[in-house]
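Chemist: So the protein lines, in turn, are chains A and B.
Using the numbering used here, you'd call the opening residue of the first sequence number 1 and step up by one each time.
Using the numbering used here, you'd call the opening residue of the second sequence number 743 and step up by one each time.
Misleading hints may appear alongside valid ones.
[To be verified] Computed list of chain A residues with no C-beta within reach of chain B, every gap over 12 Å:
1. 159
2. 294
3. 324
4. 325
5. 364
6. 507
7. 672
[Said to hold, decoys possible] Okay, derived cross-link-like pairs now, BS3-like style, lysine-lysine, Cα gap no bigger than 27 Å in a straight line:
8. B:1090 with A:343
9. A:467 with B:1060
10. A:253 with A:459
11. B:1023 with B:772
12. B:1060 with A:594
13. A:343 with B:960
14. A:594 with B:772
15. A:400 with A:530
16. A:343 with A:315
17. A:467 with B:785
18. A:521 with B:1023
19. A:594 with B:937
20. B:983 with A:530
21. B:986 with A:594
22. B:937 with A:315
23. A:188 with A:90
24. B:1023 with A:315
25. A:315 with B:1072
26. A:253 with B:972
27. B:772 with A:315
28. A:530 with B:1022
29. A:315 with B:773
30. B:776 with A:521
31. B:1022 with A:521
32. B:1023 with A:572
33. B:1023 with A:594
[Said to hold, decoys possible] Okay, the calculated beta carbon distance ranges per label pair:
34. B:934 with A:163: 53 to 59 Å
35. A:280 with B:972: 28 to 34 Å
36. B:976 with A:398: 42 to 48 Å
37. A:280 with B:1106: 41 to 47 Å
38. A:31 with B:972: 54 to 60 Å
39. A:334 with B:877: 54 to 60 Å
40. B:972 with A:511: 27 to 33 Å
Think of the hints as simulated: they come from the structure by calculation, not from any bench.
Quick reminder that beta carbons are idealized off the backbone N, C-alpha and C, glycines included.
Here is how the chains run, residue by residue.
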Amino acid sequence: MRPELQVCGILHNSPCSAFNLVKALNEIQPDIVLIEIPSDFQSLIPLVLVQDVRPPFIFQAYDLQGRSINFPLTIYTPEYQAIIWAAQHKKTIRCIDLPACHQIVYEKFKPNLLQNTKEESPDCLMEHIEEFDRKYENLILNLEHQPEIFLASIQEIYQEFRQEHESNLNRNDRELELIRLRESYMMKQIEDTIEEGYALDQIFVIVGAYHLKAIKSNELETNQDFLKIAKTEVTINLAYTSYDNLANLYDWKAPKYREMIWKHLNQNSLDRLPLEYLSELADIIRRNLNLYLSSAHLISALELANALAAIRNHKFPILNDLHESLITICSDPDIEEIISLAKELFIGYDKGYLPQEYHNSLLLQDFNYQIELLQLNSFFYSKAKHTEQIELDLRKVDNKGGKIDLKKSIFLHRLWLILCKFYYSNGNITNWNETWNYTIFKNINITLSQHSIYSNTIKDEASRILKNYVIETAELQELCHDILATSIFCDLSHIYEEVSELIKTKIATSYSLIALADAIKNLDFILNFKIIYEFNTQFIYDIFYQIYIRVCSIISRESHCSNAKARDLLPKIQYLDFSFQQYPNIDQYNLWHKELINICQNNTVNPLISGFTLSKIIEHDLLQETIINNEIQFRLSENQHIEKATLWVEGFISYNVKVLITKHEIWFVLVRFIEQLSPELFAENLIYLRRAFANCDRDTKNKIAEIVCQILNLDINQVSDMLLSNLSEEDLNYMANLKKFI
Amino acid sequence: MKLENKNTKMRQFAEDLFVQELDALREEDKKEVKPQNWNLSPKAVKKFIMGGQASGVEISQKYMGDERLVEIAIATLLTDSALLLVGEPGTAKSWLSENLCAAICGDAKKVIQGTAGTIEEHLKYSWNYALLIANGPNMDSLIKSPIYNAMETGTIARFEELSRCVTEIQDAMISILSEKNIAIPELNTQVYAQKGFSIIATANTRDMGIHDMSSALKRRFNTVYLPLPKSIDDEVEIVTKRAKNIAHTYQIQADIPAQELIKRVVTIFRELRQGHDIDKKVKFNSMEQPLSTAEAISVITGSMAMSACFGSGQVNEKNLAISLHTTLIKNNEEDSIVWVEYLRQMNKRNDDWKSLHAQCLDLCS
Ligand SMILES: Nc1ncnc2c1ncn2[C@@H]1O[C@H](COP(=O)(O)OP(=O)(O)O)[C@@H](O)[C@H]1O
Ligand SMILES: [Mg+2]
């Protein structure tokens, strides 16, 4: 038993803990304060006390493998207040936790925080807040403010929590091992302090309530050789941060709101907090949304919050009660909007302040580490920067089998993205050479230090930025092209999933065959890169399939359209048809073929399109010859409107001249059709026919000439001359004029 | 089929349906402080709605969903505001309003059904014309509206489908809610609301645009939005319970479909509603047709009725397919595109689904 040793259990980052701690320190006036902060952070304490330095900031330790230990401090962090108290009272303060250089060995590689951010529906946000309430805020606000009661209650709650926590951990779990190690180490530090000659009642120990019992129990193994524990070299650093950063990176629920609690605790005015919070929130809402909120509203909201708190067994309305009541008294609230505005208030954007010379962020560190690794030092740091240029061959394999240039390219693409540019293209993107100029990265260091507040690694920052683009991008084509390509060039594979989600949503609601065809085209383009980037292409095929289904659902509807639109559609349908043939598995239900048949036999769809689809049907051999011939005869029969028939012919031959070579019978029908045309219509038709033929190769043209001559008994030379000559300017003008009438 | 329930009313109000539960809660609640004119304390009201135990009696869960919404609703009635429950059709707005009234004042019968034809007299009072002519205007010839009654007794009146009423009626509500009295100029008197008086109104999001509620009226209400069921299991449970209940009331001679089949129907509803499949692999367009739980219930009861009349009394997939088809596609071409597209895309789903899908697709061609 050490009856006189003062051990105070706190909640990290709890304003109420901080408040009670300061009270206790003032009462006890200890000579030395021991705090649960890794002891190699001791060197940072003087920096905290430099004039103008202001929290929030982070005590940080990192190693070259990207592992880090972060200890955020805010104005209401008990440890920060302890540091300030000790400085003001000229007392010693000592960090006693296991040094970060040991602890970091237990850190897994830093989990990619961006990867597992949840979907942020307003509902989900509410849940976040609620969890924060239950575990934390309720504790702070709804307990008496006398230190003894408060401390006793958190101790009790944490004891339960610890039991539950430990029972979830495996006996051999490294987490458990670390906890034991840290506690023994802290105990050892306490013992050393006593040995130094400090009186027991002059030592004040501050640990998380989680460790309270263990530290007090006196059962810890302190005579092990702590020097033997695995360790690694770390850099210790004071880093800049902000409240929203703490919320994003460390999942803090309501940093700014906690600051408000801290303020009110110190002014002994906690009962004013609900109304103050509500009116500030109402003010923000008034300014940003077109929503009228009078003071009468506020009073009802407060009343409702109090009633809610009573039903929920809170003595005092908590953040969630406040939000819910304000939302409830608003008629027609846009909850999502209100919560996102409220974030400004309960999360906040307040930044800490550190003098320039302390600026050294993990992001810059990562940058330097990467360029070292990729041997890009001279590119970024050579003397004659303006002339520096680097040539990459993405296929190049070094003697260890690594694609070093590809890695460089990925890294440079990420930097490029951080500079807020889309994928870097130098003309012909499908050749594997890239040229990068230093000039585009001129200010990269400045940019990175501005960005260091958001992320700790180049990769995280690149994916954060790309995600923002994803949110802002509305067009299907852009998503399929720019964003997907960028995510591949930057090797941010986790973004694919998110993007493909969004793409699928857009497809499901798209009525534009053009957009859908372009999307397929872009995906095709991206598939080109699979050889080099080796990404999993399944997600692209999934999108294909969805486009395919969507196209089949809307094509017959969309085929009822104007001629102008039909002319735009034909090349797209051609492309879609081409793609669907390329991926034969896609049409296992023959939906596409069925739709083609439907459209070609439908007399109400645009004739250009139905003519076109018939040619496709002949090409894919989908209908019996007699049915096809009947269809052609029907389309060109006398009871069809002549203009419609002409358009039909145009559609029929314009993308598919080959049909005319294989199906001689068609010519007879065509000729019969042409014979009955008036001279103007004939001229018009002729030009369309010629235009249709203009695109095919010499061989085809010769074959056609042959067939035509056979059928019409013409001179083969004359016909092939005509076919082989290009369209004259005059013809083209004539056609352009004609189009106006069609 | 012999009905064991002696009560032959087609529909019972909550206070009669759950009379034992209410007694038990009152017993347990004896020592609690109650707001004036409330039968139960706020916490007991919450227990009545959300379920639990009271004096050894099992309290059934009436509303399946977020407890917080119920808390907000009760808290609202504790303050001076009226309560407006808003949501898609079939999200238990009426059901919750009825049960709240039953718990708080033991009477959910003071109801006004809002329609385009609702007039001011329905809100305030009207006259028994025979008596009026015989005796002239006096209290005996006055016919009090449910709101009048509620004011007099300090209880809660219900107003169903408030948003269907014309603007004048909504304006009349504003004066009732802000003045908290009804004037009777004919008798040169007025009735004042006793403490405990309030109104629970419901409004359908699909009606919202028709007679848009003025902001002045909305301000008199605290609005609670009732969402569609969160999890698929919740929804399956609601659908199963209600379908059983309805089949019982209408004496449909068919068994409730297997849980697996109900789950499939609910899955279809949820997927169409959310615009993606449960694995979020496939996305579809959304339908114009409301896809509420109530619709899912009607698919099930419809299929039961069909199998009772034309089949064995065992619901099969064909019954379900027809019932789904008729519920989902009400001559709406857009919706039928969505439905076909949905079925085609989901064709890749595992074999258990094959036959239902095929039956549904058959009906579409
Ligand atoms: N979340 C739910 N909890 C309990 N029952 C529900 C729920 N959602 C729907 N129901 C059931 O659906 C039926 C339709 O509800 P109703 O109150 O008439 O809907 P509304 O008034 O919202 O149109 C009710 O009988 C109710 O039992
Ligand atoms: Mg209703």
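Chemist: Run every hint past the structure and note whether it holds.
Modeler: Hints and how they fare:
Annotated as non-interface, residue 159 (chain A) keeps its C-beta farther than 12 Å from every C-beta of chain B; the closest such distance is 28 Å. Residue placement check: residue 294 (chain A) does not keep its beta carbon more than 12 Å from all beta carbons of chain B (closest about 9 Å). Remark: the non-interface label on residue 324 (chain A) conflicts with the geometry, its nearest Cβ contact in chain B lying 6 Å away (cut-off 12 Å). Annotated as non-interface, residue 325 (chain A) brings its C-beta within 12 Å of a C-beta of chain B; the closest such distance is 7 Å.
Taking the minimum C-beta to C-beta distance to chain B, about 37 Å, the non-interface status of residue 364 (chain A) holds against the 12 Å cut. Annotated as non-interface, residue 507 (chain A) brings its C-beta within 12 Å of a C-beta of chain B; the closest such distance is 7 Å. The claim that residue 672 (chain A) lies off the interface holds: its Cβ sits roughly 37 Å from the closest Cβ of chain B, which is beyond the 12 Å cut-off. For the suggested pair residue 1090 (chain B) and residue 343 (chain A), the alpha carbons sit about 42 Å apart, so the restraint of at most 27 Å is broken.
Between residue 467 (chain A) and residue 1060 (chain B) the CA atoms are separated by roughly 46 Å; this puts the pair beyond 27 Å, and the hint is violated. Using a Cα cut-off of 27 Å, the hinted pair residue 253 (chain A) and residue 459 (chain A) holds, with the two alpha carbons roughly 25 Å apart. For the given pair, residue 1023 (chain B) sits about 54 Å from residue 772 (chain B) by alpha-carbon distance, which is inconsistent with the 27 Å threshold. Annotation: proposed proximity of residue 1060 (chain B) to residue 594 (chain A) holds, straight-line Cα distance about 25 Å (limit 27 Å).
Restraint check for residue 343 (chain A) and residue 960 (chain B): satisfied, since their Cα atoms lie roughly 26 Å apart, inside the 27 Å limit. A threshold of 27 Å between alpha carbons decides the hint, and for residue 594 (chain A) with residue 772 (chain B) the separation of about 73 Å lies outside it, so the pair is violated. About 22 Å separates the Cα atoms of residue 400 (chain A) and residue 530 (chain A), which keeps this hinted pair within 27 Å; it holds. This hinted pair checks out: residue 343 (chain A) and residue 315 (chain A) have alpha carbons roughly 24 Å apart, not beyond 27 Å.
Restraint check for residue 467 (chain A) and residue 785 (chain B): the C-alpha separation of about 45 Å exceeds 27 Å, so the hint is violated. Proximity of residue 521 (chain A) to residue 1023 (chain B) is assessed by CA-CA distance (about 21 Å); at most 27 Å being required, the pair is judged to hold. The suggested pairing of residue 594 (chain A) with residue 937 (chain B) is violated, with an alpha-carbon distance near 70 Å, which exceeds 27 Å. For the given pair, residue 983 (chain B) sits about 52 Å from residue 530 (chain A) by alpha-carbon distance, which is inconsistent with the 27 Å threshold.
With a CA separation close to 43 Å, the supplied pair residue 986 (chain B) and residue 594 (chain A) exceeds the 27 Å bound. A distance of roughly 25 Å separates the Cα atoms of residue 937 (chain B) and residue 315 (chain A); the hinted pair therefore holds under the 27 Å criterion. Of the pairs offered as hints, the one joining residue 188 (chain A) and residue 90 (chain A) holds, with about 24 Å between alpha carbons and a cut-off of 27 Å not exceeded. Taking the CA atoms of residue 1023 (chain B) and residue 315 (chain A), the gap is about 46 Å. The hint is violated against a cut of 27 Å.
For the hint pairing residue 315 (chain A) with residue 1072 (chain B), the CA-to-CA distance comes to about 53 Å; that exceeds 27 Å, so the pair is violated. About 24 Å separates the Cα atoms of residue 253 (chain A) and residue 972 (chain B), which keeps this hinted pair within 27 Å; it holds. Proximity of residue 772 (chain B) to residue 315 (chain A) is assessed by CA-CA distance (about 22 Å); at most 27 Å being required, the pair is judged to hold. For the suggested pair residue 530 (chain A) and residue 1022 (chain B), the alpha carbons sit about 25 Å apart, so the restraint of at most 27 Å is met.
About 20 Å separates the Cα atoms of residue 315 (chain A) and residue 773 (chain B), which keeps this hinted pair within 27 Å; it holds. Under the criterion of a C-alpha separation no larger than 27 Å, the hint pairing residue 776 (chain B) with residue 521 (chain A) is inconsistent with the structure, at around 69 Å. Proposed proximity of residue 1022 (chain B) and residue 521 (chain A) is supported: the alpha carbons are some 24 Å apart, at most 27 Å. Restraint check: the Cα-Cα separation between residue 1023 (chain B) and residue 572 (chain A) comes to about 26 Å, which is no more than 27 Å; the hinted pair holds.
Straight-line distance between C-alpha atoms of residue 1023 (chain B) and residue 594 (chain A) comes to about 25 Å, which keeps the hinted pair within the 27 Å bound. Taking the beta carbon of each, residue 934 (chain B) and residue 163 (chain A) are about 58 Å apart, inside 53 to 59 Å as hinted. Remark: the range hint 28 to 34 Å for residue 280 (chain A) to residue 972 (chain B) is upheld by a beta-carbon distance near 31 Å. Checked against the hint of 42 to 48 Å, the pair residue 976 (chain B) and residue 398 (chain A) fails, with Cβ atoms roughly 57 Å apart.
About 55 Å separates the C-beta atoms of residue 280 (chain A) and residue 1106 (chain B), a value inconsistent with the hinted range of 41 to 47 Å. One distance hint, 54 to 60 Å for the beta-carbon pair residue 31 (chain A) and residue 972 (chain B), holds here, with the actual separation near 56 Å. The hinted range of 54 to 60 Å is satisfied by residue 334 (chain A) and residue 877 (chain B), whose Cβ atoms lie roughly 55 Å apart. A C-beta distance of roughly 32 Å is found between residue 972 (chain B) and residue 511 (chain A), which places it inside the suggested range of 27 to 33 Å.
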